[in-house]
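**Q** Protein chains in written order, with full-length UniProt numbering: chain A, 1 to 593; chain B, 1 to 155.
Hints were generated in silico from the structure; no laboratory data involved.
Treat the numbers as computed from the prediction; the structure is a model and nothing was measured.
No false leads were mixed into what you were given.
BS3-like, lysine-lysine: derived pairs with alpha carbons at most 25 Å apart:
| # | chain 1 | residue 1 | chain 2 | residue 2 |
| --- | --- | --- | --- | --- |
| 1 | B | Lys148 | A | Lys553 |
| 2 | A | Lys46 | A | Lys25 |
| 3 | B | Lys140 | A | Lys376 |
| 4 | B | Lys55 | A | Lys270 |
| 5 | B | Lys55 | A | Lys453 |
| 6 | B | Lys15 | A | Lys270 |
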Amino acid sequence: MNGEIIVNVCMGTGGIAAGAEMVMKAFQDEFAAAGLENATVQNRCKLHKVGCRGFCAKDVLVDISVDGEVSTYQFIQEDMVKRLVREHVVGGKPIREWMAGDDYHVFHDNQTKVILHDLGKINPESIDDYIGVEGYTAAKKALMTMTAEEVVNEVKNSGLRGRGGGGFPTGLKWSLCAANEADQRYVICNADEGDPGAFMDRSMVEGNPHAVIEGMIITAYAIGATRGYVYIRAEYPLAVQRLRIALDQARERGFLGEKLFGTSFEFDIKIKLGAGAFVCGEETALIASIEGERGMPRAKPPFPANKGLWGKPTIINNVETLANLPPIINKGAEWFASIGSEKSKGTKVIALTGKIRNTGLIEIPMGMPLKDIIFKIGGGIEGDKLFKAVQTGGPSGGCIPQQFIDLPVDYEGLKSVGSMMGSGGMVVLDETDCMVNIAKFFLTFTQEESCGKCVPCRIGTKRLLEILTRITEGKGKKGDIELLQELAEDVRDSSLCGLGMSAPNPVISTIKYFRHEYEAHINRKKCPAKVCNKLLTFFIRPDQCVGCGMCAKACSVKAISGDLKQPHRIDNALCIKCGSCYDVCKFNAVVKD
Amino acid sequence: MENQMEEVLEGIYQKTVAHGDNIITVLQEIQNAFGYVQEETVNWFSARTNIPASKFYGVITFYSQFHMTPRGKNIITVCSGTVCHVKGASRIISRIRDDLKLAEDKPTTKDMLFTLENVNCVGACSIAPVVVVNEKVFGKMNPEKISKTLKTYKE
Chain A
1 MNGEIIVNVC MGTGGIAAGA EMVMKAFQDE FAAAGLENAT VQNRCKLHKV GCRGFCAKDV
61 LVDISVDGEV STYQFIQEDM VKRLVREHVV GGKPIREWMA GDDYHVFHDN QTKVILHDLG
121 KINPESIDDY IGVEGYTAAK KALMTMTAEE VVNEVKNSGL RGRGGGGFPT GLKWSLCAAN
181 EADQRYVICN ADEGDPGAFM DRSMVEGNPH AVIEGMIITA YAIGATRGYV YIRAEYPLAV
241 QRLRIALDQA RERGFLGEKL FGTSFEFDIK IKLGAGAFVC GEETALIASI EGERGMPRAK
301 PPFPANKGLW GKPTIINNVE TLANLPPIIN KGAEWFASIG SEKSKGTKVI ALTGKIRNTG
361 LIEIPMGMPL KDIIFKIGGG IEGDKLFKAV QTGGPSGGCI PQQFIDLPVD YEGLKSVGSM
421 MGSGGMVVLD ETDCMVNIAK FFLTFTQEES CGKCVPCRIG TKRLLEILTR ITEGKGKKGD
481 IELLQELAED VRDSSLCGLG MSAPNPVIST IKYFRHEYEA HINRKKCPAK VCNKLLTFFI
541 RPDQCVGCGM CAKACSVKAI SGDLKQPHRI DNALCIKCGS CYDVCKFNAV VKD
Chain B
1 MENQMEEVLE GIYQKTVAHG DNIITVLQEI QNAFGYVQEE TVNWFSARTN IPASKFYGVI
61 TFYSQFHMTP RGKNIITVCS GTVCHVKGAS RIISRIRDDL KLAEDKPTTK DMLFTLENVN
121 CVGACSIAPV VVVNEKVFGK MNPEKISKTL KTYKE
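With the hints as constraints, model all of the structure from the sequences given.
**A** See the structure below:
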C-alpha cells in the first residue's frame, strides 16, 4: 500500500445541510490523530471538499480512494468518521455496510454526464483541480487557434440551444450580436435561477465555477466583448462565494484581464447580485436590474443581441449553456451533435425532485423517455404510492400525466403536451397531490412576481388566483372552469413578457388533464387527493385511538376532547381543519375525508 | 443624524458610487451595514448623489430583498418552492408562528429575536422541506424538528 489515499467529502448546499462541515472537521482531526501514531499515513492522505455529485438525498457522501480503488459511503455523520479512518484509511478494510448500494450506481449509470462530469470529483475552490481535468484548454484553443467566426460556427454546427428555457440556438444568437457595429459588447451569465424546484445553476456554480467562467471567455471571444457580468441570486451565498474565489484565481493566472493567454484579447467579469425578483430572469428585465433600475421587462424587438446593456449589443446565456461550451470547443461540434435527439442536441441537466425515491441533480441525453428518468434514474415513486404527474418548467410549465410516460424529454416533446423544458426542474407528484392546489401554488407565485407593468399579467394572474382560491375553499361556481380557461388564454396571448405569457400554463395543463379534479372540487365540494383542508372533515377512529392525548395537545382551538387511554373525539363545529392532529397521530387513528 | 452613521454612509458611497456602482448595490450595502434600509439613509444618499429619493424607493419596493423595517436578531427563512410546498412547508410555517406567538400579518417577534420570512426557492429541493436560519440550511424539516431547532436559538 504505497499509493495515495484520497478522501472526498461532498460539500454542496445539500451536503453542508446534512453536516458535511462537521464530517470534514472530523476527518481532519482523525488524520492528525492517526498521523501522530504513524507519520506516513498523514503524508499520503489527501482530504478534498468537492461539489455536488447529484445524489443529495444520500448526503453526506464520502469517497475514499485507496490506491485508486474508490469506495463510496453514504449517510456519513461525524461520529462515523473515526471508524472509517481506523478501518479503511489506516487498516485498508472498507466498511461494507456503510457503502452506497445498488440504487446509487443505478442512479449514476443511466446518466450521460457531459457538464456534470467533474462535479463531485474536483475541489471547486482550486483552479489547479480544474486545470487537471483539461480546464481552460478550450478557451486557450479558441483564442489561440481559432478565429471568432470559427468559434461561432462551431457552436452553430453543434446545435446547442439555450438551456435557460427558451431553447433559442446559441450560435445564431451570437452571430446576430456579432453582426452589429459597436464599440462595446457585453456577455452576461444568467445565474438568476428563480424557478421554484430548480437548482441546476446553483449546483453547477457551486461545484465547478471555473467551467462557467471558461464558457464566458469563449463567448466573449466569439462576439468580441471585453466586459462580462454574472447575474446571480443573493439567495445562493455559497455559489457567490465560490464564484468570487474562482474569478480571483482566474485573474491571477492571466485567464481574465488583459492579454489573455498571451493574445491581444482582453476580458474581465464582474458579479452582480440579484435582489430577489423572479422576473429578472427575463433578459430585458435582467438588463434593467444590472443598470440599477426596477427589473421590469420591455417590449422586444430590439433584442438584447442588438441593443442590450446600456444600449450595446449583449449576449445573455444561462449557466448551463455556458458550461457546455468548453466540451464543444474541445471535442468538436460533431461529437456534441451525436448526443441527443433530432432537434435538441446534447444533454440536459435536470433537478429531479418531489415524491420520488432518488431525488437529485441528473444529466440525461436529450430525448430520454420520461419513464426512464422517473423509474430508472429516479427509482420510482417514494413510499410505493401511485405516480400521478410530473411538473416541468417551473411556474411557466405544465403538468404531464401518466398517459405521456413514454414522452421523449426534449424541447419539442415537452412543448407538444403543453409543458416546457424551462430551466430543467422536474417535480414528480403522486396520488396524494391535488392538481388544483398545484395550479393555485404556481399562480400564487406568478401573481406575486408579476412586475405590474402590463395589465393582462398584473390583473389577469390576480383574477386567476382568486378563482382557484375559491375553488379550493369549496366556493367554486358552475362555469368557473370555462372562465379560468378563457382568462388563461387572454393572459397568455396578450402579456408583454415570458412571465405573463407562460403564467397560465399550469392552469391550462391541469384543466386539460385533470378536469375531473376541478369538477370534484366545484360540484361535490370534495378534494379527491385530500389536500385542500377546507373541503375535508377530520375524525378519529375509536378502534384505532389509544387515547394518548397527543392530538388534543396539538389542537390549537381545543376541538379535541377525551379521557386519557380512552378514544378521543373531534368537535367539528370548533375544528379549523388545520391538520395538526393528523400530523401528530402515531396510530393512524385520525382520518380525513 | 449621528456622525457615526454618516461615516458609514460615506464609506459606502466611496466603495460603491465612486466606482460606478448602481443604487441596487448601494442599497445592498446599506442593508448589510444596518440590517434594513432606513428612510434617513435614503435621504442622505439622495442628497449626496443628486438622485431623487423616489428612485431609491422604486427600487426598494420592487425587490423582495430590501426591508424598510427593522428585522429580528435571527432570520428564519422558510422555503416555499414547489417541492417544499408539496412536502408540507405550510405546516412548518404555522408551527413556527405558533411557537413564536406571531400573528398572521406580523413578521417579527416583539422581543426582536426572530423574523419569519419566506423565499421562493433556495434550490436545495432534494432535502425538502428546507428552513434557513441565519444562512444555515436545515433540510428534511418537519414541525417537530423546527420546534427543537428554534429552541436552540432562543437561548
